[in-house]
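Student: Throw the hints in and build the complete structure from the sequences for me.
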Amino acid sequence: MPYNFTPIEKKWQRYWLEHKSFRALDPAEAGEMKKAYVLDMFPYPSGSGLHVGHPEGYTATDIYSRYLRMKGFNVLHPMGWDAFGLPAEQYAIKTNTHPRETTETNIANFRRQIQMLGLSYDWDREVDTTDPEYYRWTQWIFLQLYNSYFDPTQRRAMPIGHLVNELQNDNYKVGPDGSIVLNQTQEGLEVIAGEVGLERRWSELSVEEQRGVLGGQRLAYTDEVAVNWCGGLGTVLSNEEVIDGKSEVGGYPVERRPMRQWMLRITAYADRLVEDLDLLQWPESLKEMQRNWIGRSTGAEVDFEVETGGDRGKGTEAQRHRGTEGEDRGGEEGGGEMITVFTTRPDTLYGATFMVLAPEHGLVGTLTTEGQRVAVEAYRAAAAGKSERDRMVDAKTKSGVFTGGYAVNPINGEKVPVWIADYVLMGYGTGAIMAVPAHDERDFAFAKQYGLKIVTVVKPADREAKEDECFADEGVAINSPMIEGLATAEAKAKVIETLEREGTGKRRIQYKLRDWLFSRQRYWGEPFPILLDSAGNSYAIGEEELPLRLPEMADFKPTGTPEPPLSKAEDWLKVRRDGETFTRETNTMPQWAGSCWYYLRYIDPKNTERFVDPEKEKYWMGGGGVDLYVGGVEHAVLHLLYARFWHKVLFDLGHVSSPEPFAKLVNQGLILGEMEYHFFEDERGQAVSAAEVTDVDEENSPEFGIRLFATHKPTGRKIFGKRLEEVLVEKTKEGFVTRANPAIRVDARSFKMSKSRGNVVNPDDIVADYGADVLRLYEMYMGPLEATKPWATRDITGMHRFIQGVYRNLVGDEEENRVAKIADVATPDALDRQLHRAIKKVAEDIEGLRFNVAIAELIKLNNELGRLTNDGKEIPRDFARTFTLLLAPFAPHLAEELWERLEGGGPSLARHAWPEFDAAKLVDSMLELPVQVNGKLRGKVTVAADAGEAEVLLAARTAEGVPAWIEGKEVKKALYVPKKLVNFVVG
RNA sequence: GGCCCUUUGGCGGAAUUGGCAGACGCAACGGAUUCAAAAUCCGUCGCCCCUAAAGCGUGUGGGUUCGAGUCCCACAAGGGCCACCA
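Residue numbering for the first sequence follows our numbering, beginning at 1 and increasing consecutively.
Be a bit skeptical, because a hint or two may be false.
To be verified - Simulated crosslink set (EDC-like; lysine to aspartate or glutamate; CA at most 20 angstroms straight-line): (1) K664 x E844; (2) K664 x E288; (3) K921 x D878; (4) K10 x D769; (5) K840 x D924; (6) K860 x E874; (7) K398 x E469; (8) K936 x E900; (9) K921 x D946; (10) K755 x E634; (11) K873 x E816; (12) K574 x D533; (13) K34 x D604; (14) K980 x D924; (15) K821 x E928; (16) K821 x E900; (17) K616 x D271; (18) K287 x D271; (19) K574 x E552; (20) K494 x E474; (21) K664 x E634; (22) K20 x E900; (23) K415 x E337; (24) K979 x E900; (25) K35 x D878; (26) K921 x D832; (27) K980 x E960; (28) K10 x D604; (29) K616 x D26; (30) K512 x E497; (31) K664 x D946; (32) K71 x D82; (33) K71 x D845; (34) K664 x E967; (35) K972 x E928; (36) K789 x E674; (37) K11 x E900.
Keep in mind the hints are simulated off the structure, nothing from the lab.
Tutor: Structure, rendered in structure tokens:
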């Protein structure tokens, strides 16, 4: 091996750190330099260290950053640690060490591993979410949310103080349930929340009530919500952390129970979060995932009047109304109760033959008749005891109970039975539906189960409706007097219009997105900067009191009850203020909190006055936010949605300058484990020799007989800690077989890397064997950045040979006592043209993040160098210099070493200008064009690049191989695509 | 079940965006060097075929076009996300 990479890589890593080679300049120092903010998703520093998936994204952004620096950009490329979180706490509990200790150890290991890869981070900007100087500002941002409300008329966050002023000025009043409603004397304003009726003035409220009202309007508020309580972890989890009724971490069962929790009002931003996706250069698939997650659907709210047995005037008008409609009925006395439903298909209203309420729905008690009470109560009790998982166990089986009550369909005055069933969710829409069995699969299944009436009111546009089918698509309305024959879209519009006119319904937009459950019953998280009085009202602590530090506790284990561990920190817990005793909020924030804004702290990480300096923020977030953000798809919805939400709140409050945080985002693809080969003994019962098989996988015994398992061994190196015999696999007509024994069939597949499968590759091992440059090149050469691709240790050889070859060609081979001959000679013309094309192509490929093709181009150049070396020729110095600069972003250690030798010392090439290509050298004077006959390649013709069409066609007719195909035939058409090809169409 | 994506040699993947399919790397095969090996170098390498010509060839079937890996329609296989969201 001519190139001894380990000491040289270490040398340059030390050099870069000492010289702060990658320091980003603050706007004041940057002058006219253009800025570029290139960001990685910062890692959770787990105990198992870096995974080969990390270097993939990190190398991509590193190449991009290094390239931009050479292009003269002021590049911000930082790294930090998302270090709060459950695994650290779990580990701490298990080993009885403080999570701070394990976190510090893990961070040190991650930092070592990342620095070993030669990544060009500005280490002066490192952030750690568990550092009080960091989470001080996480708490500060929480206070911004806490002290704001969402104003739907302006569609933005406003300081809560503004709302207090409005209320004191009687611009709004407060409804009986604490919601804020428009003061009816003011026209043109909309309701903020809730219903009209029995409003009171702000001044009529007690202080307690005033606090309650404000609490209900804040962007951060508390609520009694049915949460996912996980006894195994001793905490509640967000819906996203529950998978199939079990905790994502640990797989413990999860049950629903009501608890007081902190919520963030992300639903208020649903529309903006959908709309502003259009501003972003993100993968379309990812935008689609966010849209689906937010789940915006348009439809209508429809009021069904309840019939409680006695005839109370069928078809009477709505007694209550909502919104700005029907102001003349505002004072009327309430008579019958209303069941309000949400539907996306108001055009099917004539087909609503029954109604279904969620078991938890508030009107169930009112509706239930004496005869049904026992059955209804039993069903409700059973539903309440069921976990979310049990409810979903079999979505096809529907269960439910008739309440005995009826309601009136407002469009035709028909009386329909009201049922309760757990397929209707309290948390979506109004918790009640109008069931249209003919046009909804679930309602259809339910109607079949309980023998309920089915009325078809939509038929397919291109055929007649069939008996007993459920047709859920759009079509044409039938059996619907008011909208007969209308297409679904028009029918919807007409029904909504009618409902609105009659005050029995209105247009409504509904979202799947729920408010964000923001509290956790854990120790290792940010404490809330909140005090609670004896009545449970919350108060923000002053900004000057931040950070509110986590108390030092010897015992931070879960209490085993929903009460969080912090409730055991007695000295910390109680606070006396103004003669009153307050209790600190003992919940902590979820792990998402720190990662929601870390990209802003990198901009100004040491600032003790503000979370980020406004001037610096404006500079680095200019142009729509972070210029390039690279990370895995696993964060497609949660992290990216939460961060966008916080950013928008900060934007509304004037703390940041761009409406979106990440202008351009790319997902790196998953790296799968090494290809596994599964060997099958065939029907003839031939034995599989021990040389080919190392391990018998008895669990998977397929129809062929014994299934055997082995791993392809590339070159005798150890894989997965085992030494494996070589198995050569060939493709035959029968499929894949082993070469040694063709009777053995082979199935090749690769799987996700996992500890349990034992196929995890540790970057430390690869760096030790081949060096960081080779690992970087290999990961980039595997395939397109976004693609999922299998790891193949065997293939690393190619990059190893490339790096070694470059060194041999430009420095020499000490072992063979051979020194490369670099001389001030002119580069041969053909090679020079190739070089200039490469300068252009490599630059374009880096900008397009097509690193695999850029590397192929570099390999080609090196192959040319190898040819010169092998022929004993001199290497032109200019070529060597340019080549080294092109190589620098990809293999920075080797490039620095080469540069130092070529230049005889001098500064690092990290900020040396990227080479310019000479446009004149990109075009050839002569072109070799393909000549096709009827679209098939038949020959080639060489012409001058500026030759005219007639000249080219004439030459093409006589080009070798062509005449045989056109002689004696009529040339119907002769096509010349300039500088591309010639095509003759013959009859 | 819904939405989205992918499919090119033995393998990873290229293809200037509708214009010479298979760049570059790995593996394999033949040779040189070597006492031998490693390393290195030269050559072959989609299928069919003794070879050549011809033919066939980008998951399958159809279409648009002078020309399709690329665009359109249908289907199949694999993967991802969501999943009783009215």
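Student: Each hint: holds or not?
Tutor: Hints, one by one, checked against the model:
Taking the CA atoms of K664 and E844, the gap is near 17 angstroms; set against the 20 angstroms cutoff, the hint holds. For the given pair, K664 sits about 15 angstroms from E288 by alpha-carbon distance, which is consistent with the 20 angstroms threshold. Only pairs whose Cα atoms come within 20 angstroms are accepted, and K921 paired with D878 is accepted, the gap being roughly 15 angstroms. A hinted pair counts as satisfied when its Cα atoms are at most 20 angstroms apart, and K10 with D769 qualifies at roughly 14 angstroms.
A hinted pair counts as satisfied when its Cα atoms are at most 20 angstroms apart, and K840 with D924 qualifies at roughly 15 angstroms. The straight-line distance between the Cα atoms of K860 and E874 is roughly 18 angstroms, inside the 20 angstroms bound, and the hint therefore holds. With a C-alpha separation of about 18 angstroms, the suggested pair K398 and E469 falls inside the 20 angstroms cut-off, and the hint holds. Taking the CA atoms of K936 and E900, the gap is about 52 angstroms. The hint is violated against a cut of 20 angstroms.
Restraint check for K921 and D946: satisfied, since their Cα atoms lie roughly 15 angstroms apart, inside the 20 angstroms limit. With a C-alpha separation of about 19 angstroms, the suggested pair K755 and E634 falls inside the 20 angstroms cut-off, and the hint holds. The straight-line distance between the Cα atoms of K873 and E816 is roughly 17 angstroms, inside the 20 angstroms bound, and the hint therefore holds. Of the supplied pair hints, the one linking K574 and D533 holds, its CA atoms being roughly 10 angstroms apart against a limit of 20 angstroms.
Note on K34 and D604: the hinted pairing holds, with a Cα-Cα distance of about 18 angstroms set against a maximum of 20 angstroms. Note on K980 and D924: the hinted pairing holds, with a Cα-Cα distance of about 13 angstroms set against a maximum of 20 angstroms. Simply put, K821 and E928 have alpha-carbon atoms about 35 angstroms apart, too far for the 20 angstroms limit, and the pair is violated. Pair hint K821 plus E900 holds up; C-alpha atoms about 16 angstroms apart against a cutoff of 20 angstroms.
Between K616 and D271, the direct Cα distance comes to roughly 29 angstroms. Violation of the 20 angstroms bound is thereby established for this hinted pair. Of the supplied pair hints, the one linking K287 and D271 holds, its CA atoms being roughly 14 angstroms apart against a limit of 20 angstroms. Taking the CA atoms of K574 and E552, the gap is near 15 angstroms; set against the 20 angstroms cutoff, the hint holds. At roughly 15 angstroms between alpha-carbon atoms, K494 and E474 fall within 20 angstroms of each other, so this suggested pair holds.
A C-alpha spacing of about 17 angstroms is found between K664 and E634, which places the hinted pair at or below 20 angstroms, so the restraint holds. Of the pairs offered as hints, the one joining K20 and E900 holds, with about 18 angstroms between alpha carbons and a cut-off of 20 angstroms not exceeded. Taking the CA atoms of K415 and E337, the gap is about 15 angstroms. The hint holds against a cut of 20 angstroms. The hinted pair formed by K979 and E900 fails the criterion: a straight-line CA distance of about 42 angstroms is larger than 20 angstroms.
Using a Cα cut-off of 20 angstroms, the hinted pair K35 and D878 is violated, with the two alpha carbons roughly 30 angstroms apart. With a C-alpha separation of about 8 angstroms, the suggested pair K921 and D832 falls inside the 20 angstroms cut-off, and the hint holds. Restraint check for K980 and E960: the C-alpha separation of about 18 angstroms stays at or below 20 angstroms, so the hint holds. Between K10 and D604, the direct Cα distance comes to roughly 29 angstroms. Violation of the 20 angstroms bound is thereby established for this hinted pair.
Distance check on the hinted pair: K616 and D26 sit about 7 angstroms apart at the alpha-carbon level, within 20 angstroms; holds. Among the hinted pairs, K512 with E497 is inconsistent with the structure: their alpha-carbon atoms are about 25 angstroms apart, more than 20 angstroms. Using a Cα cut-off of 20 angstroms, the hinted pair K664 and D946 is violated, with the two alpha carbons roughly 41 angstroms apart. As the CA atoms of K71 and D82 are separated by approximately 31 angstroms, the hinted pair breaks the 20 angstroms bound.
Among the hinted pairs, K71 with D845 is consistent with the structure: their alpha-carbon atoms are about 14 angstroms apart, no more than 20 angstroms. Of the supplied pair hints, the one linking K664 and E967 is violated, its CA atoms being roughly 57 angstroms apart against a limit of 20 angstroms. Taking the CA atoms of K972 and E928, the gap is near 24 angstroms; set against the 20 angstroms cutoff, the hint is violated. Of the pairs offered as hints, the one joining K789 and E674 holds, with about 10 angstroms between alpha carbons and a cut-off of 20 angstroms not exceeded.
Taking the CA atoms of K11 and E900, the gap is near 12 angstroms; set against the 20 angstroms cutoff, the hint holds.
When the structure is compared with the earlier hints, violations turn up for hints 8, 15, 17, 24, 25, 28, 30, 31, 32, 34 and 35 and for no others.
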